[in-house]
Each structure stands twice: as structure tokens, then as C-alpha cells.
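Trainee: Listed below are the residues making up each chain.
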Amino acid sequence: MTDERRLLDEPLCVINIGLELFAQDLEAAGVEVVQVDWRPPAGGNPRMAALLAELEDD
Amino acid sequence: MPIHTQVIQSSYQDSVVLMRLAGEVRALPGVREAACFMGTPANHVLLEQTGLASAGSRAARPEDLILVVDAATGAEAEAALAAARERLARRQEAARAADVRPRTLDSALRRLPGANLAAISVPGAYAKLEALRALRRGLHVFLFSDNVPLEDEIVLKDEALRCRRLCMGPDCGTAYLNGTGLGFSNVVPRGRIGVVAASGTGLQAVACRLAALGEGISHGIGVGGRDLSAEVAGRMTHFALGALATDSATEAIILISKPPHPEVLPGLEAALARLPKPLVVCCLGAPPRLLGRVRWVETLDGAAEALAAGLRGADWSPQPFRDPEAVAIRLGRLRSAGLCLGPDVLGLYAGGTLAHEARLVLDPLLGPVAHGDPCPGTPGHRILDLGEDRYTVGRPHPMLDPLIRTERILQAGHSARVGVLLLDLVLGRGTHPDPAEPVLRAWGQGRAAAKADGRSLVAVASVVGTPGDPQDLNRQVAQLAQGGIEVLPSNAEAARFAALLIRPDLERSLLAGG
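From first to last, the protein sequence lines stand for chains A and B. Heads up, the final residue of the first sequence is numbered 58 in the working numbering, and it's a clean run with no missing numbers. Heads up, the final residue of the second sequence is numbered 572 in the working numbering, and it's a clean run with no missing numbers.
Warning: the hint list may mix true and false statements.
[Said to hold, decoys possible] Taking beta-carbon pairs under 7 Å as the criterion, some of the chain A residues facing chain B (in silico):
| id | residue |
| --- | --- |
| 1 | Leu7 |
| 2 | Val14 |
| 3 | Ile15 |
| 4 | Asn16 |
| 5 | Ile17 |
| 6 | Leu21 |
| 7 | Asp25 |
| 8 | Ala29 |
| 9 | Val31 |
| 10 | Trp38 |
| 11 | Pro46 |
| 12 | Ala49 |
[Stated by the list, open to error] Okay, the calculated bits of chain B under chain A, using three or more residues with CB under 8 Å as the criterion:
| id | segment |
| --- | --- |
| 13 | 72-81 |
| 14 | 167-175 |
| 15 | 229-240 |
In case anyone wonders, no lab produced these hints; they're calculated from the structure. Ideal Cβ placement from N, Cα and C applies to all residues, glycine included.
Using the sequences and the hints given, assemble the complete structure.
Mentor: This is the structure we're talking about:
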């Protein structure tokens, strides 16, 4: 089975990054969900954050 | 003017929490206005533009919270700021008392190793970073964030295709996977119809109309509003159509979008022709036609109706109104009350696709319909999509926060030009718990202002929702109707009804069946 098809056959299991409201709605619908305590990375500098992410993936 | 500002360092809160906090502070004694922002570059621009910036606010970093209060007295402003600080402290205390939450995607994955999807709604400037990380960890992505640069979208979708993962968005408001709604989603039954949508409210409107017709959806895959642009070239639309083509739960497919870019259209038409399942396409603004087995229709409710009829072996043809007799009676009732309407229709929309659809319906009936804010006093019909990026910088989407719209309903009451207000209400999970209430309150005041000037103001609305939604479609419709708002069964019908109010001579063509 292809990867995109597998998502359409499996129950959702979600990591929520951002609006907590969406995690609450998913939980209420019986979906397994973990909320990330997100805050702007690298002191809020998107360019610096992108550089750090590249280093992390190397 | 006693405007007081306070910066609370290292106190990141999401936009919904900030909206609620601002609402609580606004209700405190003496407070005229309150705003809560994170110190992002976009918000600093907004504060400068509105004259609310101060030396203190300018020093705020993206993870710092800026509170701005305008109150009758300095003491009341200070008291409101203290109350806001206390509420935030209580919230942080409650968060500490609850489970310690993971701070990164990787630590979240250690806690939930079976995760198959990341739902991402961080500010647009950081969205690419988080989404790329999720795709590279093997997750599908639902990307709600807006204000994401086009070049970032292309990078994300290329990476998704390389990993064979869905990248739903950016700016994806709604999706349904395996019966579960993501983002702004209605409570609709599962069924046999799969939807690919470059439009969140379009997907909601189609899913709700299908539900009313006794059909359900297998999956609704959002792809983001720019997917069929020349630059993005349908990357995710093609991928999603392919996934639904081989999905055993999907018997038929609906595609919803704005018109594909002319360079993208031939490839899309070829792909649609190859799909082995019944298919209806609604690319708002593209002409209705039958291309092989593929039916192109003009409206969202038309897409749902045409496919449902096709699956049942029934004929379907588009009609201006489902019940023209009822519309004629309603018009007669309004006119007999002696309307004195201004000449213009003003559409105030929360749903972007619904705004676009209304413009397309009104244009041939009323002449040119403008889009976006005019210079004050500019004549002419106008539709505003209040969910556009330009209105939502630093504040939540109007489906969450009614303030953007209610301010404008009040202004309309004072305008001699506006005769008909055209509105959409979008229900479902994630949206305002009772959208009819603030609309009715503003409408009551707007109508009273018009009446005091010897004018009439008619409000025409449609509601996207189901009886199973938390807000309950039937309850919202009844509330609006009791408050004097004309509720039509679809957005396209609401737009046609608005046109009939302005141009009675259209009755012959639009109500011919009655």
C-alpha cells in the first residue's frame, strides 16, 4: 500500500503544533493527540531558526 | 488619551488565547478597547500603523506579549493591565500543573510514536520550518498557517511528493480524513464521496450540502488555495486525486477550487479524464460544461447536488432557487413593508470561497462588484473577504473573532449607499460558539441607525453547517430569522436574493419557475 493511501486507511494520530483549540477539538472527537508547547524558535528570528533546522537535519 | 501598554517577556500565547484574553479585558470597567499581540514583526508594523506603538512595545520580541489598553481613566487602564497579568499567571500555573508538554516535534514523537499527521498552525514565518521537519519525520501535514510565502509552499509540496506524504496547505482551513475533521470542520456523516479542495469554506459548504442530501464524505483533502496557480501547478491536487482514485471507500469525487491557471488547466483536465470514478468539478469562475464524463458546475451547492443526483441515476440541472415560490412570497412581504433601500449590496464574508462565489453570482446580475475595502463613500456593490491576510495580521480569523465583521455591520448602518448586507455564517468545530449572536447584536444597531436616517437596511445570510454541529444549524437559522435577518438555504441563493432586492426587474428571469 502506498504511503498516502495508508493515511486514508488508518485512524488519525496527531501532533498539534500551534492553536490549542484544534487539539481540544480532536481530543473531544476521540483522536489521539499530543500538543507541542510551541514558541518562536531562535528568539523569534525565522532566518536563524531555518539555519538551526538545517544543521539539525545534517 | 490614556492608552497604556505593557510587555510581558517570554510569554508566548496562540492567537485564540490572545483573542479570549482581549475579550475578557474589554469587559472590565472603564475599558474602551484592549488588544493583545505577540511582538512579531507584522504586529509591530500594525502597532505603528494604528498609532499604538510605544518605546516599550518596540522592544518586544516575537515571544514577548504586548498588552494595550485604552480606558476612561489611567487607574482603570492600570487595573485592567493588572487583571490581564493575573489571568495569564493563572493560565501558566494551570499549564504547569497539567502534563508537562513536549517543546519540540521530536519529543512529541517520542511520546506518540504512532503519529501519522502533524497539524500546524504557527505564524506563517515559522510554518515552513515546522512543516518540513514533520514531512522529514514521515508525517503527513495539515498546514493551517496563512501568510506563508509562495516559494515556501513549493518547497514544502516538493518535499511532500518526494516523501509521498500529503501537504494539506498552507492556508488549509479544513480537512476530513477517515471521518475525522481537522481545523474548521462540520459534523458530517462518513460516506462515499471524496473531495479535493483548494478551499476550506468550499469544502465545508459541499460537505454540509452533501449531508443535507443524505450523502457523506469518505475524505476531504485540502490542498491550499494556491495549489492550481501557475507557480504551484497543482502539485498536491494531482497527488490527492490519485490517492482518492485508489481509495476503496471513495466511489465518486468532487474537486473544488478557483479556476486553474491556463497553463495548469490542460494537465488537470487530462488527469481528471483518466480518473476511474464519477467526478464533478467546481472551479468557481470556470464555465459549466461536460467534458467526457467530467461535469463542471458553477456553484458549491451545485457540485454537491449534481454528484448526489448522478450517483442516484437522477437528472440535475442548476436552478436559481430551490423554492422560487417561497422566495417570491418573502420578497412580497419585504416590499409591502415599504423598503427605502440604498443602492448598493455590501458583502461581509468570513469564508473566502463563499465571498468569491457571491461575487461571481452578483456580477452578471448587478454589474461590476468590487472586492476589498473602498475609499470611504465610494459607490458600488462590494464584497469583502474578511479572512484575507490583510485583515487577519495580528488578529484571529473572522470565523473565530466576530469583531472584524461586527464593526463593519455598524458602519454599514450609517452609510446611505448600503441597502443590502450579504453575510455568511460558518458553523462547526473550531469556529465561534454562537456566530449568530454578535451578528444579530451589530445588525440590530446598524438597522436602528439606518432607520433613524429614514432608510431601510436588509440583511441576507446563508449558514454553512449541520444540525449536528456544536452550534446547531437549525438553532442558528431560527435565531437569525427571529432577529429579522433573511436566511437563504445557500450562499448562491442568498446572493441572488440580494440582487432581487436591489433590482426587482430580475424577478422574471430568476423566479421563472415560481
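Trainee: Does each hint fit the structure? Answer for all of them.
Mentor: Now for the hints, and whether the structure bears them out:
1. Leu7: 5 Å, holds
2. Val14: Holds, because the Cβ-Cβ distance from Val14/A to chain B comes to roughly 5 Å (cut-off 7 Å).
3. Ile15: 5 Å, holds
4. Asn16: 5 Å, holds
5. Ile17: It holds, given that the least Cβ distance between Ile17/A and chain B is near 5 Å, below 7 Å.
6. Leu21: Result: holds, 5 Å to nearest chain B Cβ.
7. Asp25: Hint on Asp25/A: holds, closest Cβ of chain B at ~4 Å, below 7 Å.
8. Ala29: 6 Å, holds
9. Val31: 6 Å, holds
10. Trp38: Since the shortest Cβ distance to chain B is 6 Å, the answer is holds.
11. Pro46: The hint holds - Pro46/A has a Cβ within 7 Å of chain B, the shortest such distance being about 4 Å.
12. Ala49: 6 Å, holds
13. 72-81: holds (count 4)
14. 167-175: holds (count 7)
15. 229-240: Since three or more residues must qualify, the claim that chain A covers the segment 229-240 of chain B holds, with 5 doing so at under 8 Å.
Violated hints are absent here; each numbered hint is respected by the structure.
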